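So you can see what is in the structure, the chains are spelled out below.
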Amino acid sequence: MSTPETSLTRQFEFYGESIPGLEPGDLTGWLIVIEGTDGVGRTTHVDHLRSVLEREGYAVAETGLTRSDLAAEGIRRAKEGNTLGSNAYNLFYATDFADRLERQILPALRAGFVMLTDRYIYSLLARAIVRGADADWIKSVYSFALRPDAVYYLRIEVPDLVPRVIMNGGFDYWESGMDLPMGADIYDSFVNYQARVIEELDELSREYGFETLDATRPVEETAHDLAERVLGLLRSKPHKDEDAMATGG
Amino acid sequence: MTAPTHTYGANRPDWPGRLFIVEGIDGSGKSTQLTLLSQWLQSEGYPVVFSEWNSSSIVRATTRRGKKRRILTPLTFSLLHATDFHDRVEREIVPFLKAGAIVLADRYVYTAFARDVARGVSSRWVRSLYRFAVVPTMAFYFRTPLEVALKRILSGRPKLKHYEAGMDLELHPDVQQSYRLFQARILEEYERIVPEYDLTVMNATRAIETQQRALRKAIKPHLAGLRRVEEVS
Chain A
3 MSTPETSLTR QFEFYGESIP GLEPGDLTGW LIVIEGTDGV GRTTHVDHLR
53 SVLEREGYAV AETGLTRSDL AAEGIRRAKE GNTLGSNAYN LFYATDFADR
103 LERQILPALR AGFVMLTDRY IYSLLARAIV RGADADWIKS VYSFALRPDA
153 VYYLRIEVPD LVPRVIMNGG FDYWESGMDL PMGADIYDSF VNYQARVIEE
203 LDELSREYGF ETLDATRPVE ETAHDLAERV LGLLRSKPHK DEDAMATGG
Chain B
894 MTAPTHTYGA NRPDWPGRLF IVEGIDGSGK STQLTLLSQW LQSEGYPVVF
944 SEWNSSSIVR ATTRRGKKRR ILTPLTFSLL HATDFHDRVE REIVPFLKAG
994 AIVLADRYVY TAFARDVARG VSSRWVRSLY RFAVVPTMAF YFRTPLEVAL
1044 KRILSGRPKL KHYEAGMDLE LHPDVQQSYR LFQARILEEY ERIVPEYDLT
1094 VMNATRAIET QQRALRKAIK PHLAGLRRVE EVS
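Here the protein sequences line up with chains A and B, keeping their order. Going from the first sequence to our numbering is simple: count from 1 and add 2. Going from the second sequence to our numbering is simple: count from 1 and add 893.
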């Protein structure tokens, strides 16, 4: 029964619970996730990747943390005052993610786009776990997430991260875990907090099967490596388009 | 060792306060009963704190935005209410339970279990969202026949809101009809929840003062040992 055409019919699946009213069968695009800790250079890589893919003729859409129509403004204001408790924060971020999943990611996948996602549930899980959330609980909260086609993990360690962060404007309050805090001053807290976040991302990498890229290399080298991998993936898992359906049927 | 019957029951810290909550569909009279209870407890000298569903100030603007623009889905509706709830628990409920107060909550996690599942959200998932909610000292369910509750609501307040009426589910194009169908679904969920969480059922068709007497009698044994302010006039 196995024919080459059957591989063309990719099927998205959820990690756990399904979204009410959603049939993942009509999703034809690709969900590509770029993960990595704060300051590793994800934005640069997403921008570069987007231009490479568009040059190759792929339609590209983008999303990232706290870019939802629903909750972005609320989260920004809550952070200004640092007024929410940690579980409320975790669930506010989950609300933001759910709104983007339903109203940005799914429509793009339905329309056959390559959806580039600057961080997905994994950074949210790592941040929550580092802040003391029960790991099983926060994973079950995010169990409505779609399993992406691939997760590219830009991996770095704290000593290589520090000079990049300083060059890009210094240590951010939240990216240094100062809400906890984890050290006597912002530098100490940054080092300890980021070490914990990276440790959690490494753990999640094993659990969810990320593709790890060494992000300590020169930017162009990492960007080239990433683009090659993504193009390879798109070619090996083509569109479920009408031609494929016709020959496959 | 007995295994907990549900994950929600896992968390019962040894705080000196008491948490009493009321549940029921709209028009069950639960808020009236809770207000009367609060007045009585205060007159008896107990420190009382009120916590209402959907009242976290930081989340409110987002909820309003979602409702006004009608961009909430069953999933985001559920998560946003869970955010609101956790904010209230962390700021309004837990500190006062630690302080030895009586916290009275008008609606609790069971409202989410009933409404969100009525909207098609997985019942297991929504229960897991609230896994760390504090188990109440006593939870009262004001059981009301659907028609009685509908009559109380629809006779006095004709302007039903979009989500309140469950219009997002497209059960019926008419707002009142949609509200009826949605409330019926919620009622059905509540009836599942009552035995699952062992809620104390109150007959909400009886006279208000009869219900209040029963409510006071039920909570009285749980007040022993609470600190009171004696010099209340």
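Mixed in with the good hints, there may be bad ones.
[Unchecked claim] DSSO-like mimics (lysine-lysine), calculated; alpha carbons at most 30 Å apart, straight line:
id : chain 1 : residue 1 : chain 2 : residue 2
1  : B       : 1110      : B       : 961
2  : B       : 991       : A       : 81
3  : B       : 991       : B       : 1052
4  : B       : 1113      : B       : 991
5  : B       : 1110      : B       : 1044
6  : B       : 961       : A       : 81
7  : B       : 1052      : A       : 81
[To be verified] On the chain B side, residues computed to face chain A include the following (Cβ under 8 Å):
id : residue
8  : 983
9  : 1074
10 : 1077
[Unchecked claim] Selected chain A positions facing chain B (in silico; Cβ < 8 Å):
id : residue
11 : 19
12 : 23
13 : 64
14 : 68
15 : 71
16 : 72
17 : 80
18 : 85
19 : 87
20 : 93
21 : 97
22 : 101
23 : 139
24 : 143
25 : 225
26 : 226
If you are wondering where the hints come from, they were derived from the structure by calculation, not from laboratory data. Computed from a predicted model, the values in this text were never measured in an experiment. From the three backbone atoms N, C-alpha and C, an ideal C-beta is built for every residue, glycine too.
The hints, checked one at a time:
1. 1110/B / 961/B: violated (42 Å)
2. 991/B / 81/A: holds (26 Å)
3. 991/B / 1052/B: The given pair, whose Cα atoms are some 40 Å apart, is violated under the 30 Å limit.
4. 1113/B / 991/B: holds (20 Å)
5. 1110/B / 1044/B: holds (29 Å)
6. 961/B / 81/A: Between residue 961/B and residue 81/A the Cα gap is close to 23 Å, so the pair holds against 30 Å.
7. 1052/B / 81/A: Violated, because 36 Å separates the two Cα atoms, which is more than 30 Å.
8. 983: Since the shortest Cβ distance to chain A is 3 Å, the answer is holds.
9. 1074: violated (17 Å)
10. 1077: Hint violated; residue 1077/B Cβ to chain A Cβ min 18 Å, cut 8 Å.
11. 19: holds (4 Å)
12. 23: Holds. Min distance 7 Å.
13. 64: Violated, about 20 Å.
14. 68: violated (12 Å)
15. 71: holds (6 Å)
16. 72: Holds. Min distance 5 Å.
17. 80: holds (5 Å)
18. 85: holds (5 Å)
19. 87: holds (3 Å)
20. 93: holds (4 Å)
21. 97: With a minimum Cβ separation of about 4 Å from chain B (threshold 8 Å), the hint on residue 97/A holds.
22. 101: holds (5 Å)
23. 139: holds (6 Å)
24. 143: holds (6 Å)
25. 225: At about 34 Å, which exceeds the 8 Å cut-off, the nearest Cβ of chain B leaves the hint on residue 225/A violated.
26. 226: violated (38 Å)
Violated hints for the displayed structure, listed by number in ascending order: 1, 3, 7, 9, 10, 13, 14, 25, 26.
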